[in-house]
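Asks: Heads up: the sequence lines are chains A and B, in that order. Position 9 of the first sequence, counting from 1, maps to 8 under numbering that gives the first Met the number 0, and the rest follow consecutively. Position 503 of the second sequence, counting from 1, maps to 502 under numbering that gives the first Met the number 0, and the rest follow consecutively.
Incorrect hints may have been included.
Unchecked claim - Listing some non-contacts, in silico: residues in chain B with all C-beta distances to chain A over 12 Å:
hint, residue
1, G181
2, F472
3, L525
4, R773
5, L845
Said to hold, decoys possible - According to the in silico footprint, chain B covers these stretches of chain A (three or more CB under 8 Å from chain B):
hint, segment
6, 0 to 14
7, 41 to 53
8, 58 to 65
9, 70 to 77
10, 87 to 98
Note that these hints are calculated values from the structure, not bench results. Each residue gets a CB set at the ideal place from its N, CA and C atoms; glycine is no exception.
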Amino acid sequence: MDALVSLTVGILTACGVYLILRSRTFELVLGLIFLSYAVNLFLFASGRLVIGKPPIITDQASGYADPLPQALVLTAIVIGFAMTAFLIILALKARAELGNDHVDGRSDTGERS
Amino acid sequence: MNLLFVVLIPVLGAALTAWMSRFGRTASAWTAGGVTLAALICLIPSVRAAFLGETIVQRWSWIPDSGLDLALRLDGLGLLFALMILGIGLLVILYARYYLSKRDSLSRLYVYLLIFMGAMLGIVLSENLILLLMFWELTSLSSFLLIGFWRERQDARQGARMALTITGMGGLALLGGFLLLGEMAGSDELSVILAAGDLIRAHPLYLPMLLLILLGAFTKSAQFPWHFWLPHAMAAPTPVSAYLHSATLVKVGVFLLARLFPVLSGTSVWFWLVGGVGLTTLLTGAWFALYKHDLKGLLAYSTISHLGLITLLFGIGTPLAAMAGVFHIINHATFKASLFMAAGIIDHECGTRDMRRINGLWNVMPYTATLAMVAAASIAGVPLFNGFLSKEMFFAETATFFTEHAWGWLLPLAVVIASILAVAYSLRFIHDVFFNGDPIDLPRTPHEPPFWMLVPVGVLVVICLLVGIAPTFTVEPILTVAVAAVLQITPPVHTLAIWHGVNLPFLMSLTALAGGLIVYAARKPLFARAARWEGWLDARRFYNWTLTRMQELAAEITRHLDSGSLQRMLLILILSALTLGTLGFIGSPLTGTRTPLAANVVIVLVALGMLTVAIAILAMHRQRLTALIIMGVPGLLIALLFVQFSAPDLALTQLAVEVVTIILLLLALHFLTPRSPVESIRRDLLVAILAGAGTAALTWAMLTRPFASISAYFLANSVPGGGGANAVNVILVDFRGFDTLGEITVLALAALGIDAMLRDLRLQGLAQDADGRRWNWDRHPMILATLTRLLLPFVLLIAVFILLRGHHLPGGGFIAGLITAIGLIMQYLGNGVAWTHSRFPVNLHLVIGAGLLAGLLTGLASMILGDPFLTSTFVHVHLPVIGDLELASAMLFDLGVYLTVVGATLLILIQLGRTGSAISQT
Chain A
0 MDALVSLTVG ILTACGVYLI LRSRTFELVL GLIFLSYAVN LFLFASGRLV IGKPPIITDQ
60 ASGYADPLPQ ALVLTAIVIG FAMTAFLIIL ALKARAELGN DHVDGRSDTG ERS
Chain B
0 MNLLFVVLIP VLGAALTAWM SRFGRTASAW TAGGVTLAAL ICLIPSVRAA FLGETIVQRW
60 SWIPDSGLDL ALRLDGLGLL FALMILGIGL LVILYARYYL SKRDSLSRLY VYLLIFMGAM
120 LGIVLSENLI LLLMFWELTS LSSFLLIGFW RERQDARQGA RMALTITGMG GLALLGGFLL
180 LGEMAGSDEL SVILAAGDLI RAHPLYLPML LLILLGAFTK SAQFPWHFWL PHAMAAPTPV
240 SAYLHSATLV KVGVFLLARL FPVLSGTSVW FWLVGGVGLT TLLTGAWFAL YKHDLKGLLA
300 YSTISHLGLI TLLFGIGTPL AAMAGVFHII NHATFKASLF MAAGIIDHEC GTRDMRRING
360 LWNVMPYTAT LAMVAAASIA GVPLFNGFLS KEMFFAETAT FFTEHAWGWL LPLAVVIASI
420 LAVAYSLRFI HDVFFNGDPI DLPRTPHEPP FWMLVPVGVL VVICLLVGIA PTFTVEPILT
480 VAVAAVLQIT PPVHTLAIWH GVNLPFLMSL TALAGGLIVY AARKPLFARA ARWEGWLDAR
540 RFYNWTLTRM QELAAEITRH LDSGSLQRML LILILSALTL GTLGFIGSPL TGTRTPLAAN
600 VVIVLVALGM LTVAIAILAM HRQRLTALII MGVPGLLIAL LFVQFSAPDL ALTQLAVEVV
660 TIILLLLALH FLTPRSPVES IRRDLLVAIL AGAGTAALTW AMLTRPFASI SAYFLANSVP
720 GGGGANAVNV ILVDFRGFDT LGEITVLALA ALGIDAMLRD LRLQGLAQDA DGRRWNWDRH
780 PMILATLTRL LLPFVLLIAV FILLRGHHLP GGGFIAGLIT AIGLIMQYLG NGVAWTHSRF
840 PVNLHLVIGA GLLAGLLTGL ASMILGDPFL TSTFVHVHLP VIGDLELASA MLFDLGVYLT
900 VVGATLLILI QLGRTGSAIS QT
């Protein structure tokens, strides 16, 4: 199980890194979303993987998952959305100002040098 | 308490003065003067104790964790400086009222002046070294504003920048020195440090500490070779020069020498460094002062020379020398301030400061002339004026030195030469300006200035005379306590008298006076020679050269590091992270000791799904709409993982965020081209796989290692301390509520930033997709429109439910906020912006503001009740029908989170949607 979660983090990172290395802003934003998935999952996993023990305090519970990484990741998800939104609007603004959506604002459309 | 007021009143008074400026120039002058007077009055309750030789320390706890107290101290030295700062400050304020022309903002000058005054008082009254340093930096900053007061003039800006660079550099060195000193003494408190002199002098780090502190003091007090900023600071208005270069800014350096005298002095390093630098400064300053044709330039170099004299006295290091140093600080403050003011009057009346043109002013302004001549005679050290007394003590000290050291005769010789030069430039100031024929081609016709402009000069000159004629009745009491504070022991017995009989110091005085007359008489050939040497040994040139080279170097480094390509920078960043990360793995096993869980069907499905996503995105990311559809999958898969691994809150949040993210990207995609161009991918693919493998290995290494969490505390205290069973939510709104407040603030800021960016964004949306098909035939399909309207009440109901139960069961403000936002967004999607907006005319800025305010007020409420910020309280309420209900104040905070999330999410999406619909409709 732990191996597969590690694999998942790895795949998400790989997708993210690949996409942020593209030359267009849209892909860059998609890449950052992937990377934030990977980071959130990694952070969450730092509380280790626990099945069937949500951190809701009851009398019957035999144990709880670590609530602290969960709280951290919860806000990270929401902030991540705000950052994504800010970036994509920035990308739109750049396109409006520069007339293209290249990450460096260059107007050439072909291969990068 | 009163000492804190002394420091704070000028700073707070600066704001008041700025406000009062609306009632005219006189009103702001009265306010500035009143503020200064108020600070002076606040000082009075402590004056008696200080005169009795006590040291008053008042402290308030500030940052107890770092041992930093807001500790102020008043002893003789502090009192002397505080009186000079406030007294001369008052005179300068009066003088500036008449000096500054109507075109310049008087209140701006007063505001800067008062801030500077507060900072100066802070330095001289600090008990804590770190506190002292903060005020030190504040004087650098405020003097920058003062010197650059005429900001439209290039020389003013340049002078201000130079002063800031040099003194700022010194401040940095001083910080290092203070940290070392504090470490050596075991405390940053002056009382402790001043008592630990022997310990510190024997410490192996004494030398570096001394060098750093001296660097700070020398740069501030314009000692050679850092003296060159001071003449350039003359670009300031004359009242500023009179204040900065007499009693305040440049005296801070020598103040520091005096303050730390018992700790630092008494070693040969101290003697050679401080004495040597002081002597060099004394000579160079006096030499250059003689050749300045600019009235203020002469005074500037004379100031440098006198600062050198004071430094030299502290360098000599005997108790009597220190006494003479303190005495000369007082004398220099009075005669130099009055001379600067007189120079300002002359400049004001003649329209120039060039002494080759200003001549014979005795005939037109006899009062100014008389006052200036008295002050100049003080500088020269003529008997019956105060400068004579401290110079006699100075001569006596060098003469004693002469008898005690081989080669010691060099010192009195050098000192006499410097004094000859001082006499010569004082003579020049008097003779050139007030006599020496008629004025040549002056821009204005000079006459006596307004009466109130002469008053400050007069007051200072009277002090010069009183001190000079009757020192025992005037200056002796304050001098004695100040010297006692400097030495930290009872000062040596020394009677201030005008006549000590014919002895060596008196002969030296006579030589200086006679020599000065001769040098001045022979000035013509000297000036001609000086003109040929113009620019030789110009420290300013070295400064400019260094500055230019540093800028070039910075530009060069930037050019190499930043190629202007984001892709390349990112590649470097990722490769560096990979390399460093790999290095971290070396030497430790990848797999730890913890036994992993067995795989089950959910995780296998998620991993397989993720692999599919990766392949799909790799193959199809250039079709952007397809890429976006694929994007929806990993978010849902992660939500599934959260469900599987006991994180219901996270799963709910992830689901809701996923929805709004996809809507956001869809809206944005409308304005972007549907396809990306082809790029070479081989290298990037390799880097991506390496990065993925790296993080996978890292995650594996982490997961297989045992861990200890601090969460046991949260789990144990969630119900008894936070009043909620949902530990995640209690952490968010209670234990770590302050973090959450910060996070919703970020959210709000992002939303407002987006709103601002979209406000005047002009973009052409696309009508067709990549294959030339129209996006839609029906903008608002009936089924979607009807269903969304039907669903809205249920969505809102669920949101309220989630919000209310969040403290005990999965849910809470974040999730409820997102659900509400989705419900409302659906209306916009289904029915159009115009339709929805007319039915939902809510100002979202207000919603965001209300949310933040609710969060903040909940926190403040607990502070008012005497608990730390954001402490939660809760009660059990029994309501009919609903039953037992537990209400926690944290729920109010959660309401703030809810409102902020709703407002921010809606603002982002609706503004973007509105941009789109406005364009499609036109």
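Asks: Next step is simple, just say for each hint if it's right about the structure.
Replies: Outcome of the hint check:
B:G181, annotated as away from the interface, keeps every beta carbon of chain A farther than 12 Å; the closest lies near 37 Å. Distance check on B:F472: its Cβ is at least 71 Å (rounded) from any Cβ of chain A, clearing the 12 Å threshold; non-interface status holds. Every CB of chain A lies more than 12 Å from the CB of B:L525, the least distance being 63 Å, so the non-interface label holds. Once the 12 Å rule is applied to beta carbons, B:R773 is consistent with being away from chain A; the minimum gap is 21 Å.
The beta carbon of B:L845 sits about 19 Å from the closest Cβ of chain A, which is more than 12 Å, so the claim that it is off the interface holds. Residue count for the segment 0 to 14 of chain A with a Cβ under 8 Å from a Cβ of chain B: 15. That meets the three needed, and the coverage hint holds. Coverage of the segment 41 to 53 of chain A by chain B holds [criterion: at least 3 residues with CB-CB distance below 8 Å; count 12]. Check result for the segment 58 to 65 of chain A against chain B: holds, 3 residues qualifying (beta carbon to beta carbon below 8 Å, three or more required).
Given as covered by chain B, the segment 70 to 77 of chain A passes the check, having 6 residues with a CB less than 8 Å from a CB of that chain where 3 are the minimum. A count of 8 residues in the segment 87 to 98 of chain A with a Cβ less than 8 Å from any Cβ of chain B is obtained; the coverage claim is therefore met, three being the minimum.
Hint compliance for this structure: every hint is met.
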